[in-house]
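Chemist: So that you can map any letter, position 11 of the sequence shown is 11 in my numbering, and since no number is skipped, the others follow by simple counting.
Hints should not be assumed to be uniformly reliable.
Stated by the list, open to error - Cut-off 27 Å, straight-line C-alpha distance, at most; resulting in silico cross-link-like pairs (DSS-like, lysine-lysine):
#	residue 1	residue 2
1	13	30
2	43	30
3	13	2
4	74	51
5	30	56
6	30	9
7	56	43
8	56	9
What the hints assert, rightly or not - Across the chosen pairs, the derived CB separations fall in these ranges:
#	residue 1	residue 2	range
9	83	57	36 to 42 Å
10	29	7	50 to 56 Å
11	7	43	33 to 39 Å
12	91	40	55 to 61 Å
13	46	1	23 to 29 Å
The set of hints was computed from the structure by calculation and includes no laboratory data.
Just so we're clear, the structure is a prediction, and the values are computed from it rather than from any experiment.
Idealized CB from N, CA, C, for every residue including glycine.
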Amino acid sequence: GKGTGSFGKRRNKTHTLCVRCGRRSFHLQKSRCSACAFPAARKRTYNWSVKAIRRKTIGTGRMRYLRHVPCRFKMGFREDDHSHDTPAKILRR
1 GKGTGSFGKR RNKTHTLCVR CGRRSFHLQK SRCSACAFPA ARKRTYNWSV
51 KAIRRKTIGT GRMRYLRHVP CRFKMGFRED DHSHDTPAKI LRR
């Protein structure tokens with residue numbers, strides 16, 4: 001049957017770690033991640049699982065870049081550094 005005796009035969013893994021999402025969902029024979037659909041370019045999301053989208057969406061990680069964008073937007077995305085300008089330079093501008 002499918003009980004105690006057959007559990008001993010389960011000793012090979014179908015899924016391994018995915019390079020993109022880091023979950024143990026990459027199917028070795030299919031070469032396809034069941035969580036994020038890697039190596040497909042588009043990430044796997046379905047609206048029938050709104051909670052899953054909420055877990056994976058923007059803002060759930062560190063946001064190393066995006067965190068600072070609103071502040072830069074307020075200042076108009078300044079690039080040049082005028083902090084060391086001499087008074088003469090400022091007058092010319």
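Chemist: Compare the structure with each hint and give your call.
Modeler: These are the hints, each one checked on the structure:
1. 13 with 30: holds (13 Å)
2. 43 with 30: With a Cα-Cα distance of about 17 Å, the restraint between residue 43 and residue 30 holds, given a limit of 27 Å.
3. 13 with 2: Status holds; Cα separation ~18 Å.
4. 74 with 51: Not satisfied, since the Cα-Cα distance of roughly 32 Å exceeds 27 Å.
5. 30 with 56: holds (23 Å)
6. 30 with 9: holds (22 Å)
7. 56 with 43: holds (11 Å)
8. 56 with 9: violated (35 Å)
9. 83 with 57: 36 to 42 Å: holds (37 Å)
10. 29 with 7: 50 to 56 Å: violated (22 Å)
11. 7 with 43: 33 to 39 Å: holds (34 Å)
12. 91 with 40: 55 to 61 Å: For residue 91 and residue 40 the Cβ distance comes to about 58 Å; the hint holds.
13. 46 with 1: 23 to 29 Å: Violated: the Cβ-Cβ distance is about 34 Å, outside 23 to 29 Å.
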